[in-house]
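**Q** Position chain B against the provided structure of chain A, taking the given hints into account.
2 protein chains.
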Amino acid sequence: MYGLIGKMTAQPGKRSALTEILVKGIVGMPGCVSYVVADDPTDADVIWITEVWESKEAHAASLQLPSVRDAITKGRPLIAGMERVAETAPVGGSGITPEK
Amino acid sequence: MYGLIGKMTAQPGKRSALTEILVKGIVGMPGCVSYVVADDPTDADVIWITEVWESKEAHAASLQLPSVRDAITKGRPLIAGMERVAETAPVGGSGITPEK
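Going down the list, the sequences are from chains A and B.
Going by the working numbering, the first residue of the first sequence is number 1, and it counts up by one from there.
Going by the working numbering, the first residue of the second sequence is number 1, and it counts up by one from there.
Hint data in this document are derived by calculation from the structure and do not stem from the laboratory.
The model shown is predicted, which means the values in this text are computed figures rather than measured ones.
Each hint should be verified, as a subset may be incorrect.
Below, a list of computed lysine to any residue pairs in the SDA-like style, where the Cα atoms sit at most 20 Å apart [unchecked claim]:
id, chain 1, residue 1, chain 2, residue 2
1, B, 7, B, 63
2, B, 24, B, 46
3, A, 56, A, 83
4, B, 56, B, 69
5, A, 56, A, 68
6, B, 74, B, 64
7, B, 24, B, 61
8, A, 7, B, 83
9, A, 7, B, 4
10, A, 7, B, 85
11, B, 24, A, 89
12, B, 7, A, 39
13, B, 14, B, 82
14, A, 24, A, 59
15, A, 24, B, 94
16, A, 7, B, 46
17, B, 7, B, 72
18, B, 24, A, 92
19, A, 7, A, 23
20, B, 7, B, 87
21, A, 56, A, 85
22, B, 56, A, 41
23, B, 7, A, 40
24, B, 7, A, 89
25, B, 74, B, 63
26, B, 24, A, 94
27, B, 7, A, 46
28, B, 7, A, 92
29, B, 74, A, 92
30, A, 7, B, 39
Next comes chain A alone, as it looks inside the complex (with noise of 0.2 Å):
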C-alpha cells in the first residue's frame, strides 16, 4: 500500500467550498483505500488530507480520472499552499479494505 499526508491551506474564508469540492471529486477512485478530508480544528484555513492507495501507481493515475481533474480545475483558484507532511508505506490497520 502507498499513502499519502498531506497539509493543505484554503484561501481566506475558501475552506469549506475546498473541501466540498475534494469530497465530491475524490468518489470512486480505483485503487483507493481510504481518503479523508479534515478540517484543522485550530486554523480555519486548513485541511489534512489522509491519503491510503494499494500502490503508488494507482494513485498517479487518479490524477488523470475526469472526475479528480475537474475538482484540481475547480479547487485551484481556493487554494492557497500544499505540503505534502509525508509520504508513507501503510503496514495494516482498522477499516482499510480496499475498494474494487
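**A** Relative to chain A, chain B alone:
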C-alpha cells in the same frame, strides 16, 4: 467525526515489532472508523498513525479497552518518541464507513 495524525519514533531496530503490536491491538475498537499504521520510507524508525473516530469520546474510551491497554504496555518500551501532528475534524471522504 474526530481525527488524529501522529508521528511515532521507535527505538532503533524496533519499528516492525512496534507496528505489529499496534496493528494487533487496534482490532475491533468501538467507534473506530479508520486506523492506519504506516512506515516512513525515508526514516527506518518512524511510524505514521492516522485515525478517524466517530467522536472524541470514542477515542478516549478506546484507551481503556483491555486490548489497547495491553498493546500500550507491550509497545511502550519500544517507543522513543511521539508527536501529535494534528487533531482534526474529518468532513468526508472515501473508505471511512464507521464500524458498528
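**Q** Can the restraint linking residue 56 (chain B) and residue 41 (chain A) be considered satisfied, given a maximum Cα separation of 20 Å?
**A** Since the Cα atoms of residue 56 (chain B) and residue 41 (chain A) sit roughly 13 Å apart, the hinted pair holds (cutoff 20 Å).
**Q** Residue 24 (chain B) and residue 92 (chain A) were given as a pair; does the straight-line alpha-carbon distance stay at or below 20 Å?
**A** The given pair, whose Cα atoms are some 9 Å apart, holds under the 20 Å limit.
**Q** Please work out if residue 56 (chain B) and residue 69 (chain B) have their alpha carbons no farther apart than 20 Å.
**A** holds, 18 Å
**Q** Please verify whether residue 7 (chain B) and residue 89 (chain A) have alpha carbons no more than 20 Å apart.
**A** The given pair, whose Cα atoms are some 13 Å apart, holds under the 20 Å limit.
**Q** Does the alpha-carbon distance linking residue 56 (chain A) and residue 85 (chain A) stay inside the 20 Å limit?
**A** Given that 20 Å is the threshold and the Cα spacing comes to 16 Å, the pair holds.
**Q** Is residue 24 (chain B) close enough to residue 46 (chain B), meaning Cα to Cα at most 20 Å?
**A** OK: residue 24 (chain B) and residue 46 (chain B) at ~18 Å, within 20 Å.
**Q** With a cut-off of 20 Å on the C-alpha distance, tell me whether residue 24 (chain B) and residue 89 (chain A) pass.
**A** Since the Cα atoms of residue 24 (chain B) and residue 89 (chain A) sit roughly 17 Å apart, the hinted pair holds (cutoff 20 Å).
**Q** Given the hinted pair residue 7 (chain B) and residue 40 (chain A), is their Cα-Cα distance within 20 Å?
**A** Roughly 17 Å separates the two Cα atoms, so the pair holds.
**Q** Below or equal to 20 Å on CA atoms is what counts here, so check residue 7 (chain A) against residue 46 (chain B).
**A** Given pair residue 7 (chain A), residue 46 (chain B) holds - Cα atoms ~19 Å apart, limit 20 Å.
**Q** Between residue 14 (chain B) and residue 82 (chain B), does the CA-CA distance stay at or below 20 Å?
**A** The hint holds at about 14 Å.
**Q** Could you grab the alpha-carbon distance between residue 7 (chain B) and residue 63 (chain B) and see if it respects the 20 Å cut-off?
**A** The given pair, whose Cα atoms are some 18 Å apart, holds under the 20 Å limit.
**Q** Checking one constraint from the list: CA of residue 7 (chain B) to CA of residue 87 (chain B), max 20 Å. Satisfied?
**A** Given that 20 Å is the threshold and the Cα spacing comes to 12 Å, the pair holds.
Figure legend: structure checked against the earlier numbered hints; every hint is met.
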